[in-house]
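Participant: Residue numbers (the working numbering), protein chains in the order written: chain A, 6 to 244; chain B, 12 to 421.
If you are wondering where the hints come from, they were derived from the structure by calculation, not from laboratory data.
Think of the CB as a built atom: it goes at the ideal place given N, C-alpha and C, for glycine as much as any other residue.
Wrong hints could be hidden among the right ones.
[As the list claims (entries may be wrong)] To spell it out: a stretch of chain B is covered by chain A in this simulated footprint if at least three of its residues, at any positions, have a beta carbon under 8 Å from a beta carbon of chain A; those stretches are:
| # | stretch |
| --- | --- |
| 1 | 335-342 |
| 2 | 383-391 |
[What the hints assert, rightly or not] Take a look, some chain B residues computed to stay more than 12 Å from chain A by CB distance:
| # | residue |
| --- | --- |
| 3 | 121 |
| 4 | 304 |
| 5 | 318 |
| 6 | 402 |
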Amino acid sequence: MIDVEALTRLYVRDTLETHVLKGVTFRVPRGEFLVIMGRSGSGKSTLLNILGLLDRPDSGRYLLDGVDFAGADDDRRSAARNRKLGFVFQQFHLLERASALRNVTLPLLYAEEDSGDATRRAEQALEAVGLAHRARHLPSELSGGEQQRVAIARALINDPAVILADEPTGNLDAESGREILDIFRRLVGSGRTLVLVTHDRTVAERADRILVLDDGRIVGEEAAPSPAAGARSPAAGLA
Amino acid sequence: MSRSHRIARDVLVSLSAQRSRVLLMVLGLAVGVAVLSAVIVIGQGTRERILGLVEKHGLDMVMVRAGGEVQVFAPQSDRGLASLLEADARAIEAEVPSIDLVSAVQNLRGINVVYDDRSVVTRAFGVEPGWLAIRHRDVAEGEFLSESDMAAMARVVVIGVKIARALFPEGGAVGRTVRVNNDPYTVKGVFIELGTDSAGIDDWDDRIVVPLTTSARRLFNRPYLEQIVFRVTDVRRVPEAAGRVRDLLAVRHGIGPGQPADFFVREPEDVEGAALEASSTLSALLLAISLVALVAGGLMIMNLMLASVAQRSREIGLRRAMGARTSDITRQFLLESLFVALAGGAVGVVAGTGIAAALGAAGMASSRITWVPFGVALAACVAIGLIFGIHPARKAARVDPAAAVRGRAA
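Modelling step: build the complete structure from the supplied sequences, incorporating the hints.
Facilitator: This is how it looks when you write it as structure tokens:
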């Protein structure tokens, strides 16, 4: 689903060059829950932005579902973000003045074709994350965990193949964080590919596989025993 | 619903959720639009009032009479009446700017007009086709004299309403043949009723009018004129045009400085010209103020939009992540400023025309409400929304989504 080879990314501010990614190579098969772990400044957010077509690598190759968007224009990359990708952020990034329902319909605004009944689809997406009863509430009226579930519903509304999550539990208490990860496990179980970046070991342990990123390079890879796929079946073990 | 429709609707929903910011921008622009609309409404009212006065009093007409000023009170037979010729009229037409219509005029009293067994004695005028507009007259039935009547020296006549009543009590004068000093003339038209002037002397309902060529060659059989009348395109330039005509005729008639002239140029009283001058200066001033206010309103919209772009960079990044193209972001912010400008225009035009109408009703100004202020306000607001909206919109489109979604600010 995701095929990355020798990605590099260089930031230049004034005359200071920062090599954020120094040649990253990995693949994510369809239906995998991959965690990219790393400390702050390891380059994991930059990598996620490149995977999300929000940033372009300076060199290397990135195929999303077999398509190379390196030379694609803004319109094609935007259309791919809209159709193939769902984003979940640490700060939720909900529109403060919009109801949960309207937040969830946001990606439909930028779809190529009219989706028909946007409200009904948004209600279904909210129901999928257990928030149907909160549809008319503003983000400020929801708890952190609920806000993140609204954001997940928003990521799901266009039925994307890949979900990209950047520290999705970073602003949540442990209980809410577990709920979010449970939802993610369910999504992966239904065939979606999930790439999650975090610095949190307990989050990483729910993944199928962990890549450890340090100073712009992948320095380790491990198959994690995830609770759904493995923790209750110890056989999953290390690869 | 197309993508651009969906985005436009989303913008309206967003704006309705940011009332205080929107209200500030709307009011900022409404002030300028209100002043502009009031200026237009009062300007049109004033213009209409002055045009009415011009029409009523013939303020745009200048008359040149044969005979000098001192001779006006002399017996008619003693005046130097042979001084003014058609060539003088053609020279005025050719050489004096800001004059758009000229007519040479002859007249003679004691003309006999007969139809069947009825007859009247009246005063006849020989004029050119432009005379009708110069004197602000009109025909009620039939038509006025034409250029081809002039060229053909046609025996056609346009008659005053009293003549028509005397000769054709049953009506139907147009097309009949009357005898004017024993020659047959076809009645081409009947003037509208004008009534007598206050002195009761100048009764324009008791007149007949024939082509100048007809009067000069047939009816009066003489070349010289009693008058030349002309219309000045701009009431404010009447004194200037009259002066130029005076100079031109003095040269043509070989009259040196200080010598008595053999013609007299009569200008309309210039009171209303001064009023028009004053009111147009005032409206130019108000117009300038309203333009300044409009630009200020536009700059206010631009500033608030720029602040909004800075505040909402995370929202912009989020929308980009959700699949918005840069062009969608440009469109979103441009539509925001456009909708706000249109709302400001709507509030302003209603307030401005309302204030102007109230001033008019209170007798403090002449106001006339037409579609013009609404059209001007619409055009001005679309222009302001786009001109002052494009910079913030471009700036919004340039927000780097990768940096924006990572922003840690709450």
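Participant: Against each hint, give a clear statement of whether it holds in the structure.
Facilitator: A quick look at each hint next to the structure:
1. Note: the stretch 335-342 of chain B has 5 residues with beta-carbon separation from chain A under 8 Å; the three-residue rule is met and the coverage holds.
2. Evaluation of the coverage hint for the stretch 383-391 of chain B: breached, as 0 residues show C-beta separations to chain A shorter than 8 Å, against a requirement of three.
3. Every CB of chain A is more than 12 Å from the CB of residue 121 of chain B (nearest about 88 Å), matching its label as outside the interface.
4. Taking the minimum C-beta to C-beta distance to chain A, about 30 Å, the non-interface status of residue 304 of chain B holds against the 12 Å cut.
5. Non-interface call for residue 318 of chain B relative to chain A: holds, since the shortest CB-CB distance, roughly 16 Å, exceeds 12 Å.
6. Look at residue 402 of chain B: its CB is around 20 Å from the nearest CB on chain A, clear of 12 Å, so calling it non-interface holds up.
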